[in-house]
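Asker: Put together the whole structure using the sequences plus the hints.
As given, the protein sequences belong to chains G and Z, one line each in that order. Everything in the first sequence is counted per the numbering used here, starting at 1 for the first residue and increasing by one. Everything in the second sequence is counted per the numbering used here, starting at 480 for the first residue and increasing by one.
All the given hints hold, so there is nothing to weed out.
Listed next, the in silico EDC-like pairs over lysine to aspartate or glutamate satisfying Cα-Cα at most 16 Å (straight line):
| # | chain 1 | residue 1 | chain 2 | residue 2 |
| --- | --- | --- | --- | --- |
| 1 | G | LYS222 | G | GLU166 |
| 2 | G | LYS20 | Z | GLU545 |
| 3 | Z | LYS571 | G | ASP87 |
| 4 | G | LYS20 | Z | ASP544 |
| 5 | G | LYS131 | Z | GLU563 |
| 6 | G | LYS293 | G | GLU182 |
| 7 | Z | LYS571 | G | ASP136 |
| 8 | G | LYS216 | G | GLU154 |
| 9 | Z | LYS571 | G | GLU135 |
The hints are simulated quantities; they were obtained by calculation from the structure and are not laboratory data.
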Amino acid sequence: MNSQWETVIGLEIHTQLATKTKIFSGAATAYGAEANTQACAVDLGLPGVLPVLNQEVVTMAIKFGLGIDAEIAPFSVFARKNYFYPDLPKGYQISQMELPIVGLGHMDIEIDGNSKRIGITRAHLEEDAGKSLHEDFHGLSGIDLNRAGTPLLEIVSEPEMSSAKEAVAYMRKIHELVRYLEISDGNMQEGSFRCDANVSVRPVGQTELGTRAELKNINSFKFVEKAINIEIERQIDVIESGGKVVQETRLYDSVNNETRSMRSKEEANDYRYFPDPDLLPVAIDANLKAEIKANLPELPAAKKQRFQTEYNLDPAVAANLTSSRQFADFYEAVVQASKAEIKLCTNWVTGDFIGALNKAGLEIQQTPISAIRLAGLLNCLADKTISGKTAKQVFDYMWHNDQTADEIIVAQGLKQITDSGAIEVIINGIIATNPAQVTQYQSGKTKVFGFFVGQVMKQTQGKANPAEVNKMLKEKLSV
Amino acid sequence: MSLSADDVKKIAHLARIGIDANDIASYAKDLSGMLDLMVQMGELNTDAVAPMSHPLDPWQRLRTDEITEVNQRDKFQTLAAHTEAGLYLVPKVID
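Answerer: The structure is reproduced here in structure tokens:
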């Protein structure tokens, strides 16, 4: 990229709150229900109905606000954002303009080992719209209003990110936080976590912001990075070839890796925000706030710090282990249940265990091996009942059934032979029947050592303790 | 403040209201009068007045997060002009 330009990025993240019911009605929010079976009179905007705010939505927004160290508004107001679209039956979306529930906060990200603080301007509550299906319904569009009224928390950052990489790091941190707080499932495929990116460029050293374009509805970390990078290139090209960037909304096309104009500012809606007369202002009780604060879970940054000191982990390993609350809990359960050294537990959880989960495409909650069972396996490894190689074999068995490591080791006779007397008998036999190799070794061709190890393992079906075998063979073969 | 005929047409479009071309002049006059009233109110010193977000005093009451609505799709869809496969059908709009 041209180093004469610098990039300014701000993100608006929409995260769907994990409530059982809608923000203003008692209709269910479950994903994937049959069309319009979860759209009640309030969601349909029928005349004469009134919205009633869901308490859980307020609690979740406060949790988020506390998680980003933000001011929580003592009272908050809902406003109508007016626009016409078939999947918005009332003709307005209930959102917040003045007095959002969450005020100024921040999130720290890490870029190349350095920490950077990104300001969060605000987070406000709003309702989602329905879904339009433009497939062929005899030239008409089909409207499913199940999603209408689903609670969203819109998290607006300051324009303080200066690369696509920073934007992704920030988005990941917010994603991690909402999942830690259990206020959103963060499922990006189902649209529970999506973002709009405001991107502009300016010559290095210029203080005022360049004209920005808004990239709409990006629902994967990979696409955010690609969309921003391609948009930066486009804007620099426009300016360097003598043109001007226009303020507009653009869509990212992942197939062609390009952004396309959706609507320019001239055609943009004037949303005519005004306070919604159907909803009274919401008071946030200081006691409620204190109670929520007292019950907050340990947050990712604090947990990472604690893992580093308590388990003596590298920052990168600690970050990896605390990337989700469930995963961190799993690790801690293994460490607590196992008599093995922490390092061994860490290596197994971050190595074979994650590897197997990824290979099977499973989330940590779906793991076929519980923390207790894994700890049992590590105990067998730590007390030398089995070798590292056998442990991997036992792990594979455990993945596919419910037996404990002990049961598998007994049933399959995998117990390591550590009895040096038994190993000695086998080694003596091998030395006696292979005089040629013994001579080779003793004349300095030490490569043949591997042959002897192989023979011992063959005769013991791999159950001899490798360290013991090495030690004893060296003794026996030396002249 | 005086609105032009074009302003009135634009406002009508934004509000998706169909208006009779013969009425545009009178709408322009009425709306201009309302805006003049706003300007007049704007001249008041409101520094010490907290903005009012609702004319009523009480705070919003909240409800617990429990499902209280049952599926009444069939009943609601009798109100719609066109439905198919559980969907409401509307003229195609692609933004």
